[in-house]
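Undergrad: Residues per chain, in single letters:
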Amino acid sequence: MYVAVKGGERAIENAHAWLAEERRGDVAIAELSVEQIKSQLTIAVNRVMAEGSLYDPDLAALAMKQSRGDLIEAIFLIRAYRTTLPRFGNTRPIETSEMECERRISATYKDLPGGQVLGPTFDYTHRLLDFKLAAEGAPTSAPERKASGDLVPHVAEFLNQEGLIEEAPRDDTTPPDLTREPLELPAERALRLQALARADEGFTLGMAYSTQRGYGRTHAFVGELRIGQVAVEMDIPELGFAIEVGEITVTECETVNQFKGSKSEPPQFTRGYGLVFGQSERKSISMSLVDRALRWEELGEDNVGAPAQDAEFVLYHGDNIQATGFLEHIKLPHYVDFQSELELVRKMRREAGADQMPEAAE
Amino acid sequence: MTDYNFAYLDEQTKRMIRRAILKGLAIPGYQVPFASREMPMPYGWGTGGVQVSAATLTPDDTFKVIDQGADDTTNAVSIRQFFEKTADVETTTETSEATVIQTRHRIPEEPLSEDQILVYQVPIPEPLRFLEPRETETRKMHALEEYGLMHVKLYEDISRHGHIATAYAYPVKVEGRYVMDPSPIPKFDNPKMEMAAIQLFGAGREQRIYALPPYTKVVSLDFEDHPFDPSKAPHPCGLCGAEHSYLDEVITDDQGGRMFVCSDTDYCEKRRAAGHVGTLTQEAAA
Amino acid sequence: MQTNALEGGFAQPAQQSALAFRAIMDVLARPGQIKDLSGAIPPLPLSIAAGTALLTLCDTDTGVYLAGDADCAAVREWIAFHIGAPLVGPSHADFAVGTWAALVPISAYPIGTAEYPDRSTTLIVETDALEAAGSKGATLTGPGIQQTAQMHLPEVAVFQHNHALFPLGLDFFFTSGSRIAALPRSTEVR
Numbered sequence: 001m002y003v004a005v006k007g008g009e010r011a012i013e014n015a016h017a018w019l020a021e022e023r024r025g026d027v028a029i030a031e032l033s034v035e036q037i038k039s040q041l042t043i044a045v046n047r048v049m050a051e052g053s054l055y056d057p058d059l060a061a062l063a064m065k066q067s068r069g070d071l072i073e074a075i076f077l078i079r080a081y082r083t084t085l086p087r088f089g090n091t092r093p094i095e096t097s098e099m100e101c102e103r104r105i106s107a108t109y110k111d112l113p114g115g116q117v118l119g120p121t122f123d124y125t126h127r128l129l130d131f132k133l134a135a136e137g138a139p140t141s142a143p144e145r146k147a148s149g150d151l152v153p154h155v156a157e158f159l160n161q162e163g164l165i166e167e168a169p170r171d172d173t174t175p176p177d178l179t180r181e182p183l184e185l186p187a188e189r190a191l192r193l194q195a196l197a198r199a200d201e202g203f204t205l206g207m208a209y210s211t212q213r214g215y216g217r218t219h220a221f222v223g224e225l226r227i228g229q230v231a232v233e234m235d236i237p238e239l240g241f242a243i244e245v246g247e248i249t250v251t252e253c254e255t256v257n258q259f260k261g262s263k264s265e266p267p268q269f270t271r272g273y274g275l276v277f278g279q280s281e282r283k284s285i286s287m288s289l290v291d292r293a294l295r296w297e298e299l300g301e302d303n304v305g306a307p308a309q310d311a312e313f314v315l316y317h318g319d320n321i322q323a324t325g326f327l328e329h330i331k332l333p334h335y336v337d338f339q340s341e342l343e344l345v346r347k348m349r350r351e352a353g354a355d356q357m358p359e360a361a362e
Numbered sequence: 001m002t003d004y005n006f007a008y009l010d011e012q013t014k015r016m017i018r019r020a021i022l023k024g025l026a027i028p029g030y031q032v033p034f035a036s037r038e039m040p041m042p043y044g045w046g047t048g049g050v051q052v053s054a055a056t057l058t059p060d061d062t063f064k065v066i067d068q069g070a071d072d073t074t075n076a077v078s079i080r081q082f083f084e085k086t087a088d089v090e091t092t093t094e095t096s097e098a099t100v101i102q103t104r105h106r107i108p109e110e111p112l113s114e115d116q117i118l119v120y121q122v123p124i125p126e127p128l129r130f131l132e133p134r135e136t137e138t139r140k141m142h143a144l145e146e147y148g149l150m151h152v153k154l155y156e157d158i159s160r161h162g163h164i165a166t167a168y169a170y171p172v173k174v175e176g177r178y179v180m181d182p183s184p185i186p187k188f189d190n191p192k193m194e195m196a197a198i199q200l201f202g203a204g205r206e207q208r209i210y211a212l213p214p215y216t217k218v219v220s221l222d223f224e225d226h227p228f229d230p231s232k233a234p235h236p237c238g239l240c241g242a243e244h245s246y247l248d249e250v251i252t253d254d255q256g257g258r259m260f261v262c263s264d265t266d267y268c269e270k271r272r273a274a275g276h277v278g279t280l281t282q283e284a285a286a
Numbered sequence: 001m002q003t004n005a006l007e008g009g010f011a012q013p014a015q016q017s018a019l020a021f022r023a024i025m026d027v028l029a030r031p032g033q034i035k036d037l038s039g040a041i042p043p044l045p046l047s048i049a050a051g052t053a054l055l056t057l058c059d060t061d062t063g064v065y066l067a068g069d070a071d072c073a074a075v076r077e078w079i080a081f082h083i084g085a086p087l088v089g090p091s092h093a094d095f096a097v098g099t100w101a102a103l104v105p106i107s108a109y110p111i112g113t114a115e116y117p118d119r120s121t122t123l124i125v126e127t128d129a130l131e132a133a134g135s136k137g138a139t140l141t142g143p144g145i146q147q148t149a150q151m152h153l154p155e156v157a158v159f160q161h162n163h164a165l166f167p168l169g170l171d172f173f174f175t176s177g178s179r180i181a182a183l184p185r186s187t188e189v190r
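Chains as they are written, first to last, in my numbering: chain A, 1 to 362; chain B, 1 to 286; chain C, 1 to 190.
Among these hints, one or two may not hold up.
[What the hints assert, rightly or not] If we take Cβ atoms under 7 Å as the criterion, some of the chain A residues that face chain B in the derived model are:
1) GLY8
2) VAL34
3) GLU312
No lab work stands behind these hints, which were simulated from the structure alone.
The beta-carbon is built from N, C-alpha and C at its ideal position, and this holds for glycine as well.
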């Protein structure tokens with residue numbers, strides 16, 4: 001005889017125990033340490049920090065270990081932790097013009113003040129599996145040079161001196177924060193950039209790529225891509241001045257885009273902007289392209305109906321925690337709704353004379 | 001979980017949610033935007049309902065959680081455990097014992113009283129969303145009370161199928177003003193929404209809260225020549241013999257055998273304890 | 001009543017504000033019904049119920065308008081310490097508190113917009129007495145009321161006009177001592 005299913009509680013406990021066992025894997029093999037993840041899987045750690053909106057490499061590495069390497073799951077752990085943290089205050093805007101650059105390249109000038117610095121990039125590696133890494137080898141070291149300590153100027157400033165690129169004046173108004181206020185449309189650029197900085201790397205990449213293939217083309221050049229450390233400073237009212245509370249690594253991309261000009265504006269270049277925690281080149285370039293595509297309205301361009309021009313579409317679908325939650329929830333029980341559809345389909349088929357009503361088991 | 005505040009959320013977040021609940025009650029059926037927080041369970045698992053419950057529960061409450069009508073479905077168990085740990089509330093599976101009931105996809109069969117609160121988990125709060133995907137457009141439609149699109153959709157169903165082809169999340173009109181999504185409850189449950197309890201709806205991912213005060217007028221959309229029909233499977237419950245409860249269909253073998261049993265497990269157990277029997281129970285006893 | 005701004009908040013904020021919110025929610029969901037509301041001890045002239053409501057619902061994100069005598073140094077300091085709400089004029093108020101005479105005209109408060117009717121002010125009206133109205137008060141119908149309810153109101157026409165704006169409009173709490181009742185915009189008043 002049928003009895004209603006019981007035992008959900010025990011099933012959950014057992015599933016969690018099994019999960020913990022699978023996470024650890026073969027106990028004959030040394031356990032992965034959080035330190036190892038933090039120092040050797042840095043690009044993944046950076047992604048977890050960027051999309052988790054929390055700059056903390058230790059926590060990001062811990063989340064990756066806990067999530068068995070599922071980065072979206074790790075981002076989720078970080079987000080859920082982050083939201084419980086109290087806010088002590090706001091920092092000053094970081095000054096990327098004062099960045100200690102590890103990498104700085106421009107696609108628009110052959111050479112320029114501050115130079116082209118390749119830094120630790122995959123760009124010119126041949127993508128050949130390095131079987132030496134399968135064995136534990138001796139540590140390698142790169143040649144070193146003393147840092148000049150000079151500030152590296154932004155490429156867009158050279159264009160700006162000639163008036164060839166739109167002005168991007170400093171704006172000290174407090175930007176909105178979509179983690180504290182519900183998203184409201186139309187969204188101003190600062191809010192769009194916040195959403196993009198947190199958005200899924202794959203989604204942002206796909207959106208950016210679509211603009212390159214003609215769905216809202218913006219003719220982007222990477223004016224500059226820079227990666228390095230910047231100081232984080234906070235005003236302390238009791239002291240009456242700002243103190244440095246730490247240093248973070250960020251990737252900044254500024255694109256230089258074609259612009260035809262309008263009735264009020266002479267022809268000039270425009271900008272797209274991307275800023276992401278850690279070394280996150282793909283994400284920051286993608287972000288710049290999508291940012292630029294979303295600016296069609298303020299720049300008086302045509303809306304060609306491209307997905308990347310549609311702020312509502314981009315902002316509502318770029319968050320991987322929202323997306324994966326709603327996507328995966330369809331595996332939860334839906335038998336009540338399904339039953340109501342089943343009855344409706346049966347009723348309509350019956351009325352259409354399509355088939356007989358199936359009888360319940362007697 | 002001593003590291004976290006009572007009912008998990010910090011007080012400022014609870015205040016923000018509470019203010020949204022009050023606006024929802026003052027404007028029944030209107031979806032109040034709120035700054036939904038990331039919860040320690042995924043979006044889609046009831047984060048909206050959980051936030052509303054967290055902002056509503058007091059240490060004196062007795063809490064019940066159902067999913068698909070049942071207390072023992074895995075996610076109902078998980079949410080119940082979450083509040084046992086974080087809010088230290090009493091929990092129950094008995095509908096009449098509960099002061100706050102969080103639900104996914106069902107309204108309990110037993111009528112709720114004035115002392116109870118029903119909290120719904122809502123996936124897509126916007127009833128017009130599948131007709132118009134843009135929030136900017138649907139917000140205008142609600143502002144202008146422009147619901148023609150919904151009526152056209154329902155009427156097209158009738159002309160194509162002879163019926164309104166919506167079996168769950170069947171749209172309602174609240175107090176003659178807002179068209180509202182009742183969450184994905186079967187349309188069988190729609191008439192129960194005019195009730196003595198307070199009803200609160202939380203959509204976490206979509207960042208909306210809405211509400212119905214007790215006895216609010218809730219009318220399922222229909223047409224004069226095609227009145228609303230809250231039908232269900234034409235069977236009694238195989239276990240308790242109930243004629244008027246919503247049923248789950250259970251496949252019992254690979255020969256086309258199936259049976260129908262109450263989806264509301266507490267209701268069914270109570271009836272059986274009171275001596276009601278269904279055809280299956282009779283057979284088993286014979 | 002205490003006078004020290006540092007006192008009179010909740011001793012157990014999470015639990016007390018949860019209980020207070022339930023009383024506030026209950027009365028708003030059932031217009032005309034009166035409930036006890038206490039927990040905070042605000043400085044005069046604020047009532048315990050009004051102080052508890054402010055402490056439960058307001059924080060740095062909500063503008064509060066102190067009308068008439070409520071706008072005094074003791075109340076300002078108490079709000080600054082326990083709530084942190086910015087004090088604003090009526091046109092920017094999320095919440096306003098004071099006697100009816102001090103709060104009017106109600107045309108001074110935002111009633112929300114067609115797209116966002118929730119962007120409106122909630123008024124906390126301090127009254128001398130809050131008692132079951134019997135058959136003497138105004139007759140209320142609408143959401144939250146099974147048949148009809150009765151309530152004493154400072155006047156009738158202004159609440160009828162407010163209801164006519166629905167879904168826009170203002171929502172009202174009435175407080176006296178440690179008691180509270182409510183009249184949301186959805187209620188029809190006769």
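Undergrad: For every hint, state whether the structure bears it out.
TA: Results of checking the hints against the structure:
1. GLY8: holds, 4 Å
2. VAL34: violated, 19 Å
3. GLU312: holds, 6 Å
Figure legend: structure checked against the earlier numbered hints; the only hint not met is number 2.
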